[in-house]
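*Asks:* Each chain is listed here by its residues.
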Amino acid sequence: MPFQIVVCGSIVPDPLQTLEPITGPALKNEMMLPAVLDPWAGHALFEAAALAQENAGSKVWLVSLGPKAKLQQVMMTVAQKAPFELVALDGPSSGFADSFETAGVLADAISAIAGLDKSRMLLFGGWESASRGAGSTLQMVGERLGIMEQFLGVDQLTILPDGSMEILERMAGGQHQVSVCAAPPAVLGWATGFRPAPRNNPQVGMANMRLVMPALQRAKAVAVKSDGLSFQSVMLPKQQRETRIVKNMPAEEIAREIVAWVKEN
Amino acid sequence: MDVDIVCIGFGPATAGFLATLEKTDLESAACPGMPLQVICYERADDVGFGVSGVVTRARGIRATLPDLNPAEIPMATPVTEERLVYLLDPLGASRRSRVLKAGDRLLRTLGLPREFGVELPYVPPFLRKHDGLVMSLGQFMQFVGGRLMASGKVQIWPGMPVEKALIEEGCVRGIRLVDQGVDPGMDIRAALTVVGDGPVGAVGRQLDQEFKMPEGHHHREWALGMKMVVDLPPGMELQPGAVFHTFGYPEPEIFGFLYVHPEQVATVGIFVPSWFRSPMRTSYRYLQHFMQHPYLWRYLRGGKLRSWGAKSLQESGRRGEPFLAGDGYARIGEGSGSTNVLTGSGVDEAWTTGAQLAEGVVELLQAGKPLSGTNLEQAYVARRRSSWVEEEGRIAEKARDGFHHGILRGLCGMALSGFTKGNLVIGGEPKPTQSLPDYYQGKLSPEEVDRITGACRAQGLASHDALMDRCGWPAIPYDGQLLVSHQDALLMGGKVQAPDGFADHVRFLDRNICEKCAGQLCIEMCSGQALTPNGGVPAGVPAFDREKCIHCGACQWNCEQGNLVFQAGAGGLHSSEN
Chain G
1 MPFQIVVCGS IVPDPLQTLE PITGPALKNE MMLPAVLDPW AGHALFEAAA LAQENAGSKV
61 WLVSLGPKAK LQQVMMTVAQ KAPFELVALD GPSSGFADSF ETAGVLADAI SAIAGLDKSR
121 MLLFGGWESA SRGAGSTLQM VGERLGIMEQ FLGVDQLTIL PDGSMEILER MAGGQHQVSV
181 CAAPPAVLGW ATGFRPAPRN NPQVGMANMR LVMPALQRAK AVAVKSDGLS FQSVMLPKQQ
241 RETRIVKNMP AEEIAREIVA WVKEN
Chain W
1 MDVDIVCIGF GPATAGFLAT LEKTDLESAA CPGMPLQVIC YERADDVGFG VSGVVTRARG
61 IRATLPDLNP AEIPMATPVT EERLVYLLDP LGASRRSRVL KAGDRLLRTL GLPREFGVEL
121 PYVPPFLRKH DGLVMSLGQF MQFVGGRLMA SGKVQIWPGM PVEKALIEEG CVRGIRLVDQ
181 GVDPGMDIRA ALTVVGDGPV GAVGRQLDQE FKMPEGHHHR EWALGMKMVV DLPPGMELQP
241 GAVFHTFGYP EPEIFGFLYV HPEQVATVGI FVPSWFRSPM RTSYRYLQHF MQHPYLWRYL
301 RGGKLRSWGA KSLQESGRRG EPFLAGDGYA RIGEGSGSTN VLTGSGVDEA WTTGAQLAEG
361 VVELLQAGKP LSGTNLEQAY VARRRSSWVE EEGRIAEKAR DGFHHGILRG LCGMALSGFT
421 KGNLVIGGEP KPTQSLPDYY QGKLSPEEVD RITGACRAQG LASHDALMDR CGWPAIPYDG
481 QLLVSHQDAL LMGGKVQAPD GFADHVRFLD RNICEKCAGQ LCIEMCSGQA LTPNGGVPAG
541 VPAFDREKCI HCGACQWNCE QGNLVFQAGA GGLHSSEN
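Keeping their order, the protein sequence lines are chains G and W. 1 is the number of the first residue of the first sequence in the numbering used here; add one for each residue after it. 1 is the number of the first residue of the second sequence in the numbering used here; add one for each residue after it.
Read the hints as simulated data drawn from the structure, not as lab findings. Hints may be right or wrong, so weigh each one.
What the hints assert, rightly or not - Over 10 Å on every C-beta distance to chain G, these chain W residues come out as not near it, computed from the model:
(1) G92
(2) L483
(3) E577
Stated by the list, open to error - If we take Cβ atoms under 7 Å as the criterion, some of the chain W residues that face chain G in the derived model are:
(4) P74
(5) G146
(6) G152
(7) G159
(8) M160
(9) Q180
(10) E515
(11) A518
Cβ coordinates follow ideal geometry from the N, Cα and C atoms, glycine included.
Next up, chain G with everything else stripped away, as it sits in the complex (with noise of 0.2 Å):
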């Protein structure tokens, strides 16, 4: 059975950079960092393109509202790991828009598509987000669109015989809540998928590109209302990376390593 995904992604600071809260809100030097697709949409798209693999004659769209030159950057490589057709809207990404206008700007894209049959259509996207913790924005996408089956935390979709979706959403303590959709339209959050990053492909490169170039060429400026937003805080996610080398220690050994680790932190 064929089917028709949108997924709704943009793009995040690099985590992996020194990121800083100024007066604004924004963060310290966010246009001259790199970027990267939205973890959270990044699950998303890698199980819209393994689903629309799995099922011949479905096709993926990537909705992507961002400041376009960065768009065209992370694109440079989002591109080289599924097959999509882009559709890009020129606009701020960072996690102090608005989710209640950003969901109207993407609602409207999305009706925009050409060809797109909203009646079969999956719409995909991060349950989170790295810059924006709401959790809502794609929720009201779904809404604004008329879409009324929403799954969100989603880790698994499988395709029933019956042409049914079988839907894994997570729960608290690693369970998971299953649920049957009869089918399409539907909302689907997704969580981390079980599914790894795939790697890059040069041919699936070559041929997104055909069509992602023009799409950013193509991107409509669009303005994301911020009447009536005040932020008090801004707080940034905290990592941290131990590494070394060890050879031919037992597993037993490390595990106890790594609780003494846990206990101490």
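Starting from the structure of chain G, add chain W where the hints point.
*Replies:* Same frame as chain G, but now just chain W:
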């Protein structure tokens, strides 16, 4: 896959090539009816990740981009001030000759040093960058890359290393991409392969081996440049565009630099050359001592690390020039011997060679001529030979030979060469690295050196820190901001990482050679502590951690036995501010 032109590496040379080529409209022969199909594959995970900062006169860059406005490029600013500073040793730990020590005493007696630095009253004309720019090359490459991709005429693919050139009957027919597990060894066939993969690039070295070097040419002089980008403390008096060139400290053989970007940001770093014959030469520890030199520390104290990185520099200059063109290929940039070792300038020269190649290629394609070796010789190599890159490269060719006899003769040789336009030089031949006992003679007994290196290797650690401690270098007072551990510099500054699941790109050919290697200089010079002793006795093959490798290539030229294979791989630095 067939294209018209495939480029290897997106550094300044390839940027110059593509920025020049992009100005023309040519039809593809690979896809008739389509525009010229031009693809560039870059090893690093994004454009501008694997490069360094620069002070450049930007003559070639401005010729290609006449509308270049530094204000449009983050971290770029015109040079406003230049200082050449001799740094005395405030600690008494550096390894100075008697003559140098006597000179230092004389300077002190005359009361010339300020904060242990003597500012020379004059910067020789050949070193001056007075009409140039201070830039972050990472930001500049992103700026140029963005413009190129927006033109739609060029595709730049990051995260895609090239394994090798496809050579058939002496002709380069394209490239083979590194097997990333999705399409083993995908071949990209092209009428022209542009090799701009830098001084330690896998394809450049493959061509050197395949076609040999021109007689008398060689790659035997190298340096490792390591730097930090620093947020200067508030209220710092240094103005954007200020450039310091230093020499004399932390070791007399190590040169240093500091240059100031807009918005209170500075780049500070050192060059550790191959003619510094220490068997324990290293860079990160020396960089920390360099930054703490009183002359610089008054500006840097209270600053904060923003970015960090390192790269190898091919210091043979014009004598490191390979065959520049052959059937189906051309060499540009640093790997083609364009760096000027007298002026200490490489980026602008690299860019210019790329632009020259593009001009030649356009000329040939417009005339309907094939991109054969003979035609490329006439259209590209002849252009390069008649340009300022060649003229100045010839002047610089032997300028540094005197350093093989020591720092003083080296400096005299540079001055002599610079002021006589290369007519007078002080000659010299590279000497092998000193043995451990020889190097530490007078400071440590051979038994003590053995004990220290043995203890370090048993713990899986490089030995230079312990030996430097024992020779009087004080411990680094880590502040967690600017003075940070080597691993913190990787994480906080370089943001180093590697995609998982790939084979190691650093390998050792013969275990026996490693086991007999007394110095294991590959470990000591490793910029990221990616190579470490394996902890066994005897030392054996070093352990390699891909996740720490920044692809500087220092291990390759520091393995004097030629037992180390350095291949192309994805990953490494993830900072675009270098």
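*Asks:* Each hint: holds or not?
*Replies:* Structure-based check of all given hints:
At the 10 Å boundary, the C-beta of W/G92 stays outside the reach of chain G, the nearest C-beta of that chain being 34 Å off. At the 10 Å boundary, the C-beta of W/L483 stays outside the reach of chain G, the nearest C-beta of that chain being 16 Å off. A beta-carbon of chain G comes within 10 Å of the beta-carbon of W/E577; the shortest separation is about 7 Å. The beta carbon of W/P74 is positioned within 7 Å of a beta carbon in chain G (closest approach about 4 Å), and the interface hint is therefore held.
Evaluation of the W/G146 hint against chain G yields a held restraint, the C-beta minimum of about 5 Å falling below 7 Å. Interface hint status for W/G152: upheld, as the beta-carbon distance to the closest one in chain G is roughly 5 Å, under 7 Å. The closest approach between the C-beta of W/G159 and any C-beta of chain G is roughly 5 Å, which is under the 7 Å cut-off, so the hint is satisfied. Interface hint status for W/M160: upheld, as the beta-carbon distance to the closest one in chain G is roughly 6 Å, under 7 Å.
Annotation: W/Q180 was flagged as interfacial toward chain G, and the flag holds, the nearest CB pair being 5 Å apart, inside 7 Å. Because the smallest distance between the Cβ of W/E515 and any Cβ of chain G comes to about 17 Å, over 7 Å, the interface hint for this residue is violated. Look at W/A518: its Cβ only gets to about 22 Å from chain G, farther than 7 Å, so that hint breaks.
The structure is inconsistent with the numbered hints 3, 10, 11, although it conforms to all the rest.
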